[in-house]
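**Student:** Each chain is listed here by its residues.
Number of protein chains: 2
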Amino acid sequence: MKIVIYIYDGLTMLDAIGPYEVLRNIDLAEVIFVAEKKGKITADSKFVHLFAEYGIDEVTQADILVIPGSAITFLKEINNPKVMDWIKKINQTTTWTTSVCSGSIILAATGVLEGLEATSHWKPINLLKNFGAIPKVARYVEQDKYITAAGVSAGIDMALYLCNKLVGETKTKAIQLFIEYDPAPIFKSGNFSTAEKEVIENAEVLLINEAKKEPELFEQIKLSNRI
Amino acid sequence: MKIVIYIYDGLTMLDAIGPYEVLRNIDLAEVIFVAEKKGKITADSKFVHLFAEYGIDEVTQADILVIPGSAITFLKEINNPKVMDWIKKINQTTTWTTSVCSGSIILAATGVLEGLEATSHWKPINLLKNFGAIPKVARYVEQDKYITAAGVSAGIDMALYLCNKLVGETKTKAIQLFIEYDPAPIFKSGNFSTAEKEVIENAEVLLINEAKKEPELFEQIKLSNRI
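So the sequence lines, in the order shown, correspond to chains P and H.
All residue numbers for the first sequence refer to the numbering used here, where the first residue is 10 and numbers rise by one.
All residue numbers for the second sequence refer to the numbering used here, where the first residue is 10 and numbers rise by one.
Looking at chain P on its own, in the form it has when it is part of the complex:
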């Protein structure tokens, strides 16, 4: 089973690594990280890098496609016709096409989510409407062969859900046990709809700081009143 994770400069690491850490444990899974051009990819923080073994020109098929999100550089991806075309073509070959966080905006921008429900990180979720998708607040949303996940860490839950479809309950539970995913966060503040006002304000500051690391894109998004 060929699992393709599309990576790009500015991506959020956990968006990619969460699903990878689940899906790679499927029997005979081959996971490849693919970027527009192969080589070093720098995450949103600028502190850390992934390595794409393949460029998109070398990859023409995937059983599962995973598109991680980013704080702001997803805007660059949706304006890159080469990437948009590649996602559309790969999508024609997949059994499941998935996204995490603002990865759903990239996916929606190809047009394939038109008329379908989808989710995203709580901040950019309404951008889905720009591409004809119907925003739905949920941990993950399945529509046809598309599964979109909420922000960052939601990719782990989405991947376990997908895993269950692919290899069934016992093996999925075994993967969950392998990665000891028995979450016990000190606070319960990961849900936007129940988060305190002050917490949301602080989270917005974190997002803005992140976005400012890409000054040009930040100006662009400010001008369009998206931030």
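Treat the hints loosely; a few may be bogus.
Identical chains blur together in the list; that is why a pair holds if it fits in one copy or across any two.
[What the hints assert, rightly or not] Straight-line distance between alpha carbons at most 25 angstroms, and here's what the computed DSS-like set of lysine-lysine pairs gives:
| id | residue 1 | residue 2 |
| --- | --- | --- |
| 1 | K221 | K11 |
| 2 | K11 | K145 |
| 3 | K49 | K11 |
| 4 | K197 | K174 |
| 5 | K46 | K11 |
| 6 | K97 | K154 |
| 7 | K174 | K145 |
| 8 | K11 | K222 |
By construction, these hints were calculated from the structure, which means they are not laboratory data.
Put chain H on the given structure of chain P with help from the hints.
**Tutor:** Chain H in isolation, oriented as in the chain P frame:
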């Protein structure tokens, strides 16, 4: 605040990326990935790579040290005097020294956990005894300045717990909201003590397959009846 994540061939990606994704959002946090020699580091799956910007010779201080785990190559680390010495030295400069998964075995092997309680992934946890630490089954364990976490995904919970000590409740909650950490796994099978027998057996197979990717270490561990 200087946060040093020690990485090495065979590490489990999520062990490193979970804490990174939390701690990097602390104000003025500088996160660096450090390996014995700087350059490309290959994860346990062999599918994915991180990039260490620094070699251990270049890093002499850390406010926070994070040691991620691995399926089997932690055994190589504990037999590497250069790495053991470096961890001991860095540890003398830290405010908090932390580990995820079998990273606690590496930490314990330096001797610093002698007489202290610590946790680890459910599989290697009893190896802590070989180095005078007291195994404790828990999501994470704090003793003096040491916080050890259970397997893989537990690093996220550990990092949020540490974050609360460093920047307080509101900012920690904001980081949790930023990464939308509102876990909702399809199954509740991430806890060894409540997992079904068949699930444990399947998880053991996953671990053995992972260990077999390092044939020499696998033979070594088999001979010592550790697997």
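**Student:** Now look at each hint and say whether the structure bears it out.
**Tutor:** For each hint, the structure was consulted:
Within a single copy, K221 and K11 get their C-alpha atoms only as close as 36 angstroms, which misses the 25 angstroms cut-off; across copies the closest is 21 angstroms, which meets it. For the identical chains of this complex, K11 and K145 are neighbours neither inside a copy (29 angstroms) nor across copies (39 angstroms), given an alpha-carbon limit of 25 angstroms. Taking CA atoms no more than 25 angstroms apart as the test, K49 paired with K11 passes in both settings, with 22 angstroms inside one copy and 24 angstroms between copies. Taking the closest pair of Cα atoms, K197 and K174 come within 25 angstroms of each other only across two copies (16 angstroms); inside a single copy the shortest separation is 29 angstroms, beyond that limit.
Within a single copy, K46 and K11 get their C-alpha atoms as close as 19 angstroms, which meets the 25 angstroms cut-off; across copies the closest is 32 angstroms, which misses it. When the C-alpha separation of K97 and K154 is checked against a cutoff of 25 angstroms, the pair qualifies only within one copy, where the shortest distance is 14 angstroms, while the shortest distance between copies is 50 angstroms. Proximity of K174 to K145 under the C-alpha cut-off of 25 angstroms is restricted to the intra-copy arrangement: shortest distance 22 angstroms within a copy versus 35 angstroms between copies. In the homo-oligomer, the alpha carbons of K11 and K222 lie at most 25 angstroms apart only across protomers (19 angstroms), although the nearest pairing inside one protomer, at 34 angstroms, exceeds that limit.
Going through the hint list in order, the structure does not satisfy hint 2, though it satisfies all others.
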